Amino acid sequence: MAELLRAHGLRLGALIALLVAVWVAALIVAPLATLAARSSQVPEPAAVAARLEIDRLHQELTAVRRDWERATDAEMRADLDRRTRLVSARLTSLERLETDRGTRWSLDGLSRFATRHAAALAGGLGRAALVTLIALLAAYPVAHAAATGRHPRSTVLVVAVLVVFALAEPLRAWAWATTVDPNGPLARALVRLGLLAPGDAAAILPGADAAAGLATMVYAHLPVTILPIWLALRRLDPRLIEAARDLGASTARIHARIVLPHARPGIVVGSLLTFVLSAGAYAVPRIAGADRATDWFGPLVWRHAVGSLEADLAAASAVTLGLACLVAAATAAATGLLGLRRRGVLPRSDRHA
Amino acid sequence: MHDQGDGAARLILNLYLSLFLLWLILPVVALLWPAFDAIAGASFDATAGGWAPPVAAVFADAGSMRGLLGSLAVGLAVVALSLPLGLAGALAIHRLGDRAAGLLFAVLVAPILVPGVVQGLAASLAASEVGIDGGLVLAALARSSQTAACAMLLFLARLDPLDPRLEQAAIDLGASRGLVMRRILWPHLAPTAVVAGLVAFVQGFGDHDTIALALGGERTLVGDLVARLPEGAGAGADPRAAATGVLVVAVTLAVVLLWLRLRHRETPLDAARR
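Residue numbers (my numbering), protein chains in the order written: chain A, 8 to 360; chain B, 46 to 319.
Hints in this document: simulated from the structure, not taken from any laboratory. Keep in mind that this is a model prediction, so the values were computed, not measured. Incorrect hints may appear among the rest.
What the hints assert, rightly or not - Label-pair distances were calculated between CB atoms; the ranges are:
#1 A:Ala-339 / B:Leu-66: 29 to 35 angstroms
#2 A:Ala-204 / B:Asp-51: 38 to 44 angstroms
#3 A:Pro-245 / B:Val-296: 31 to 37 angstroms
#4 B:Leu-64 / A:Glu-10: 32 to 38 angstroms
#5 B:Asp-208 / A:Pro-245: 29 to 35 angstroms
#6 B:Ala-214 / A:Ala-337: 28 to 34 angstroms
Unchecked claim - From the derived model, a few chain A residues whose C-beta atoms are all more than 10 angstroms from chain B:
#7 Arg-18
#8 Trp-30
#9 Ile-35
#10 Arg-45
#11 Pro-52
#12 Arg-63
#13 Gln-66
#14 Thr-69
#15 Arg-77
#16 Thr-122
#17 Ala-125
#18 Ile-141
#19 Val-170
#20 Ala-182
#21 Pro-268
#22 Arg-293
Glycine included, C-beta positions come from ideal geometry on N, C-alpha and C.
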């Protein structure tokens, strides 16, 4: 904090600190803490009983008031007043009990959800990893060509990737669904060109089914895999490669020792993004028609979030998915795959010392 | 400077790149096609259509218009939130000590690693706790936890090569903090701010998973598209999806081409060579 004020001055430093504090508190901590709290709270039996008793007492109070209005002599009214006071006092204490002990902390919801849907979670994460691997293998040569290739080709590649990126995941998935639609424009164009018999479209194009989910998922996340690698490789100094070649290094060796290490932060960021996006996607599998099957975990979370009557179970489904993704990312970081600091994704403090 | 490897390897690479480009672009063409096809009804004759009318026809009804306005509002609000937050985060991390910077970086970037469905549900639960209803504002807030982090990463990458001694020298020579910001930091960061703003807009305009749970009764283009799909059935050729795609692709192409032109004009290296 003191460093911040020293570096940016009092007014700018304080503004920066305020914005960051609001960001952390309102956009990150408050939502995730609420979600975590909801997932680990269940209604207390005593509170449920108190709620029922409160409803009954309210009805009794209404009845007493009606009697009071109908009552004619003062003694009867005094008697009813006494009852009103008694019932009101009991209501106050019960309402306090309900708010004080309304819920109790319990990991029941989380453990119930995690055990019930362990297979779906493992399957969803496994498929997300597969999508990540396929997208990475397909994207790497393209990102490399776009970053280091000559002008017209690299520009065409970059513009194409940016246009597909701008469509955002749901529309990208929709684009793929349209392509494989047996009644879609591609099938009709092929039929018109005489390349496809009118009835054969359904047999050749997979259409929208559970198996198409994987292909849709890969296509929907291609730009997210390519762009970070492209950005990382753009910073590669061509003179390094020239020097290595002048010193007699082979193409394969140059790639392994210079290009790949440079691409690594981009590969890690792109893969992590692709993994998290496919592990939790809802719209993409829905558009692919794969939301009914337990192939993907996102739709399962969605169904709980929207449809579940048990609030703790809805939150538990989201917490399970969020934790699984964070653990996967932390594992990637801990196994030393990242090298984020060394590679300049994190600022290097040595240069600022 | 590309590999001088043998011709066969180069041929395979070029073949692969061409196929990849086809893989990338063909679905976009397929997505957009029904927009030009729509006016001709079920027939595949595009001759009757032309460009504007089918897209306009798709947006003519009030529901689609409301979705378009909702998407635009979320996109712009996400930009308005993400740019100041992302810049503040980058400036803070840029100048904090090693350990504090690492911790703040981890906290601010963590939402990127949490799926959108989770963020949307968390935001709507937290908002209902303090009595805020779902709507366009809540949707933009929910989406910004990720987009602000993306903007911050872009700003950080730009700040990293900037030598802090430059700022210190200016201050030692008597420049005010405001002057340093205006004359050194901002000119250096402005191009990144444009890119970060565009990325944030795309992430807000086209998103579904994060904002759908936080929207309340409001509508967005993509939200409408997904909501109309029957359970368990996939999407197919659709004039509304096509019209949305035409809009996004046209604007993106214009922006990218403008950016390419400006970039070539502005590079200091180019100017020096001339």
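Now the hints, each set against the structure:
no. : hint                                      : result
1   : A:Ala-339 / B:Leu-66: 29 to 35 angstroms  : holds (30 angstroms)
2   : A:Ala-204 / B:Asp-51: 38 to 44 angstroms  : holds (42 angstroms)
3   : A:Pro-245 / B:Val-296: 31 to 37 angstroms : holds (33 angstroms)
4   : B:Leu-64 / A:Glu-10: 32 to 38 angstroms   : violated (52 angstroms)
5   : B:Asp-208 / A:Pro-245: 29 to 35 angstroms : violated (23 angstroms)
6   : B:Ala-214 / A:Ala-337: 28 to 34 angstroms : violated (40 angstroms)
7   : Arg-18                                    : violated (7 angstroms)
8   : Trp-30                                    : violated (5 angstroms)
9   : Ile-35                                    : violated (6 angstroms)
10  : Arg-45                                    : violated (6 angstroms)
11  : Pro-52                                    : holds (23 angstroms)
12  : Arg-63                                    : holds (28 angstroms)
13  : Gln-66                                    : holds (28 angstroms)
14  : Thr-69                                    : holds (28 angstroms)
15  : Arg-77                                    : holds (40 angstroms)
16  : Thr-122                                   : holds (20 angstroms)
17  : Ala-125                                   : holds (18 angstroms)
18  : Ile-141                                   : holds (12 angstroms)
19  : Val-170                                   : violated (5 angstroms)
20  : Ala-182                                   : violated (4 angstroms)
21  : Pro-268                                   : holds (17 angstroms)
22  : Arg-293                                   : violated (6 angstroms)
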